[in-house]
Amino acid sequence: MARKLLRLESVSRKFGGLDALRNVTYAVPEGVIQAIIGPNGAGKTTLFNCVSGVFPPTSGSIYFDGVRIDGLPSHKIAALGVSRTFQNVALFKNMSVLENVMLGRHRQSRAGFLACGFRLPSMKREEQEIIRRAREYLDFVGLVDEENKPAGSLPLGKQKILEIARALATEPRLLLLDEPAGGLNTAETEQLGDLIRRIKKTLGVTVLLVEHDMNLVMECSDLVVVLHFGTVLASGTPSEVKNNEKVIEVYLGSAAN
Amino acid sequence: MDFIQYLFSGLTVGAIYALVALGYNIIYNVTEIINFAQGEFVMLGGLLAVFYREVLHFPLAFAFLASVVTVGFVGYFFERFVIRYAREQAVLSLIIITIAFSIVLKGSAMLFWGKDPYTLEPFTQGEPWIIFGAALQRQSLWVFLTGTAIVVGLSLFFSRSYYGKAMCACADNPVAARMVGIPVRKMIMLSFVLSAAIGAAGGVAITPLSLMEYDRGALLGLKGFGAAVLGGLGHFWGALVAGLFLGIAESMCAGYLSSGYKDAVALVALLLVLFVRPQGFFGNAEVGSIKRF
Amino acid sequence: MRKKDRIVFLFFSLFVGLFPLVVASIKAVSHYIDVMIFAGIFSLVSIGLCLLMGYAGQISLAQAAFMGIGAYCSGILTTHYGWPSSLALMVGLVVTGVVAYGVGVPSLKLKGHYLAMATLGFGMIVHIVLNEEVELTGGPSGLVGISGLGIGNFQISSPFAWYYLVWGCVATVMLFSLNLVRSRIGRAFLAIHADERAAQAMGVDVSNYKVKVFVLSALLASFAGSLYAHYVEFLNPGSFGLMWSIKFVLMVMVGGIQNLWGAVIGTVFLTFLSNEWLHFLADFEVLIYGLILLVIAMFIPQGLVTVVATKLLKKGLRDGA
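Chains as they are written, first to last, in the numbering used here: chain A, 1 to 257; chain B, 258 to 550; chain C, 551 to 871.
Misleading hints may appear alongside valid ones.
[Claimed, not checked] Here are the simulated BS3-like cross-link-like pairs (lysine-lysine), alpha carbons at most 27 Å apart as the crow flies:
(1) A/K242 to C/K861
(2) C/K762 to A/K76
(3) A/K93 to C/K861
(4) A/K149 to C/K865
(5) C/K762 to A/K93
(6) A/K14 to C/K659
(7) C/K577 to A/K93
(8) A/K124 to C/K554
(9) A/K93 to A/K149
(10) A/K124 to A/K4
(11) C/K553 to A/K124
(12) C/K554 to A/K242
(13) A/K149 to C/K659
(14) A/K246 to A/K4
[Stated by the list, open to error] Simulated restraints on C-beta separations:
(15) A/M218 to B/F338: 28 to 34 Å
(16) C/S563 to A/Q128: 25 to 31 Å
(17) C/L863 to A/L120: 47 to 53 Å
(18) B/R417 to C/I838: 41 to 47 Å
(19) A/G71 to C/K554: 41 to 47 Å
(20) C/L564 to B/L468: 53 to 59 Å
(21) B/F338 to C/I838: 26 to 32 Å
(22) B/D429 to A/R110: 52 to 58 Å
(23) C/G698 to A/F113: 55 to 61 Å
(24) A/I131 to C/I576: 33 to 39 Å
(25) C/I576 to B/E345: 44 to 50 Å
Note that these hints are calculated values from the structure, not bench results.
Owing to the predicted nature of the structure, the values given are computational and were not obtained by experimental measurement.
A virtual CB, placed ideally from N, CA and C, is assigned to each residue, including glycine.
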C-alpha cells in the first residue's frame, strides 16, 4: 500500500470527564478517499479538530507526511497542506463567493501591508493570479457563475460546495470534509460524490471524510474506519467494514432497528 | 497604626468592588453578557439616595430603599427596551450597546446633578471606633455588612433556590432551559433588575464615605470588573475575595506608595489577570473556552 | 481601488480642496477651516479604528490613549528637551508602536468583552499616568508652549497650510486603507471578523494579523495625536480620556462600521456637531452622544452615512430613469 500521509498514534482527547477520543491509532495512506463513520458522539469531529489544530489532543501524537503536527496552531497545519470544511458551514458571509475562494489563496500569496496599501505592481500581479486561480477552483466545483453573489445568499447545497472550493484553493494534500452531505438532497449528494472522486483523481488530493450518508460513503470511499465511543472499532474497505460483525452490531444493526 | 487604618479603608472600598463584581456575575450567569453600564448603576444609586434624602426629605432608610427600587427599575427598562432587542446581535454590537447605555445614564446624571460631588449622611451617627489605634468609621461597617450580606444571600439564592438554579440554566443552554419550562425571558429580566439594584445598594452605602458624582461610574465599573475577573467570572465567593483583595491592595498603594496611582492598582491587576489567567483564580479554563463570548 | 471608490475619491478631493477657498470668503463661517483641521486629525484616528473594528472585528476603547501617547511624546520632547517637532513626532510613533505591540499581543488573545475591558483598562491607566506625572506632562493643568510643526526653517503656520497638510494626510491614509481592504490582507481581516476558526484553518495567521492591525490603528492615532499637539500647542489629559475613545467608536459607527468613507464623514459630522452646532447644548452633549450611539448600534448597524448614501443613490437612479 502507498505511503502513509497522516498517522495518529494513540491520540486521546478529554473534555472534562468525557473521553471524546481514546487511544486512537490509525493511518491514512496517500491518494485515497477515506471515510470515518460512527454514531453521533463517536468522536469523529473531535478527531478532525485535533488533526486540523482547532485544539490539541490531550495525549498522543499526530504526524502529517512524517512531520509531527499535534499542538501546532491550525494556520501552520494548513501551511503544511491540510485543509478542511466545517460541519456547520463556516463561510465568510461578509464576502462574495469569489472572495471566499480568494481567501483560500492566502498562503499562496506574499504581498505585505505596504505592497497592499500602495498597490505596488508586484501586488497587482499577484492579485490577478489569485483571481485567476480562484476562478479555476470555482470552475472545478461548478460555481463560476455565482462568483459575485454574497456567500451567505447561496442555498445550503452550494454553500457546502463553495466551502470545498475554498479549502481546495489552499492547495492541500489532505482535505478533511466534515459531513459534506448533511442537509443535501439526493441529487445534490450524488453531485457531491462525483466531486469528491474528481478531487482525488484530478487534483490528487487525499480525502478524509466524516459522513452519515452511508450510500455516499460506500460509493465513493476506498477505505472506511469506524469510530465507536472514541475508539477505532474496525477499518478496511467498504465491503469489509459492511460485513464486520462488530460493526453490524453497534452501528448498522442499531440503525436497522 | 497606619497599616490597620489602610486595611479598614481597603476592606470598605473592596466591599463595593465586590458588589459591582456581583452585578456583572449575575447578568453574566444568566445571559453571558458583560454589562458595561454596571458602574453607572452604582453612581445612580448614590446620587438618587442623595436626591430622595436631601430634596424629598425621605427618612434615610426610605431613601435607601427608594433609590434601590428606582435603579432596579432602570435595570428593568434597560433589559425590556434595549437588551431584549439586541440580545441576538454580535458581541461587538452588544458591547457598544451597553457602553452607549452607560453614556446615556452618565449624561442624564450630569444633567440632573451637574458636575459637583454630593454627600449623604452616614447610616448611623456617632464617633468612629478606635481599634488597635486605627479609626473605623461606623459607615465602613455598614458598607462591609451590606456587601457581605448580599454576597451570602445571593450565593444561597443561586445555589439553593429554584429561581436561582433556573437563572443559571438560562445561560448554559437557553433552548433547553425553555424546553424544561423555565421562563427564560423573565429570568433575564430578573437578572438585570437584581444586578442594577445591587449596584445601587453599593452606591448608597459608599456615598457617605467617599461622596458621589456623575462620572464615577466608569472607573467603579472597571475596578468591579477587575474583581469579577480576578475571582473568576460568575463566581460569587471569588468576587467577594477578589473585591476585598483589590480594595486592600489599592488602599495600601495609596498609603505607602502614591495616592495618585491608587486607581491604577486595580486596573493593572485587571490587565495582568486578563493577560495571564483570564478565567480568574477560581474559574475553570475548560469551561471558559466553550462560553459563547 | 474600485471604480466607485475612484469616483468618490474624486469628489472627496474636490470638496476638500475647494472647501477652505469657499469658506474663507464668507466671514460668518471662516472659522470652519479650524473645525475642519480638527475633523481631519480625528479622521486619521477613526480610519484606523474602522480598519480595526469594522474590518478585523476587534474593538478598542484605547484609541484616545494612543493618541495621547503620540501627543505627549511630541509635547514633552519639544518643550522640555527642545527637539525639532518632526523628530518628536517620529519618536511618538515608535513609542506608540512599541506600547501598542506590548498591549496588543496579550490583549488580542482575548475575545469580545474581555478585549473591550482590557483596552478600556489600558486607556484609563494611560490617562492616570498623564495626570500624575506632573513634572513631565504638566498634570491636569496641562502642558503649554509646544512648538508648531516644521522641518528645518520651514514652519507650518497659516491655517491654510495646516488644513492642506492634515487633509493631505487624510487623503493618503484613506487611499492606503482603501487599497488595503481590497487586498489579500483586507480579505484576511474580513475572514477574521466573520469566523476566526475558519480563517485560521485556511492558513491565515489570525493573531498576527490582529496584532498588526491593532498596531496600525494605534500608529495612526499617535500620528494624529502629534499633529494635534503641534497644532493646538497645548495639551491636557482630558482630551485623551475614556469619553474620547468612545467618541471615536461613535464616529466610526455613525459612518457605518465597515465603511471607510463613512468613518471620515461621521468624524466630520460629529466634530461639527460638538464644536459648532451643539455648542450651546454643552451640558447635553454626553447624553446626546449616548443616545445616538445607542440608536445606531441597535437599529442602524450599517450606519447613518451608509443608509443615507444608499437612499440618495436609489433616488438618483429613479429620478434619472
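Quick rundown of the hints versus the structure:
| no. | hint | verdict |
| --- | --- | --- |
| 1 | A/K242 to C/K861 | violated, 61 Å |
| 2 | C/K762 to A/K76 | holds, 18 Å |
| 3 | A/K93 to C/K861 | holds, 24 Å |
| 4 | A/K149 to C/K865 | holds, 24 Å |
| 5 | C/K762 to A/K93 | holds, 23 Å |
| 6 | A/K14 to C/K659 | holds, 23 Å |
| 7 | C/K577 to A/K93 | violated, 50 Å |
| 8 | A/K124 to C/K554 | holds, 18 Å |
| 9 | A/K93 to A/K149 | holds, 10 Å |
| 10 | A/K124 to A/K4 | violated, 39 Å |
| 11 | C/K553 to A/K124 | holds, 16 Å |
| 12 | C/K554 to A/K242 | violated, 59 Å |
| 13 | A/K149 to C/K659 | violated, 33 Å |
| 14 | A/K246 to A/K4 | holds, 26 Å |
| 15 | A/M218 to B/F338: 28 to 34 Å | violated, 56 Å |
| 16 | C/S563 to A/Q128: 25 to 31 Å | holds, 27 Å |
| 17 | C/L863 to A/L120: 47 to 53 Å | violated, 32 Å |
| 18 | B/R417 to C/I838: 41 to 47 Å | holds, 46 Å |
| 19 | A/G71 to C/K554: 41 to 47 Å | holds, 46 Å |
| 20 | C/L564 to B/L468: 53 to 59 Å | holds, 54 Å |
| 21 | B/F338 to C/I838: 26 to 32 Å | violated, 18 Å |
| 22 | B/D429 to A/R110: 52 to 58 Å | violated, 45 Å |
| 23 | C/G698 to A/F113: 55 to 61 Å | violated, 31 Å |
| 24 | A/I131 to C/I576: 33 to 39 Å | violated, 49 Å |
| 25 | C/I576 to B/E345: 44 to 50 Å | holds, 49 Å |
In summary, the numbered hints that this structure violates are 1, 7, 10, 12, 13, 15, 17, 21, 22, 23, 24.
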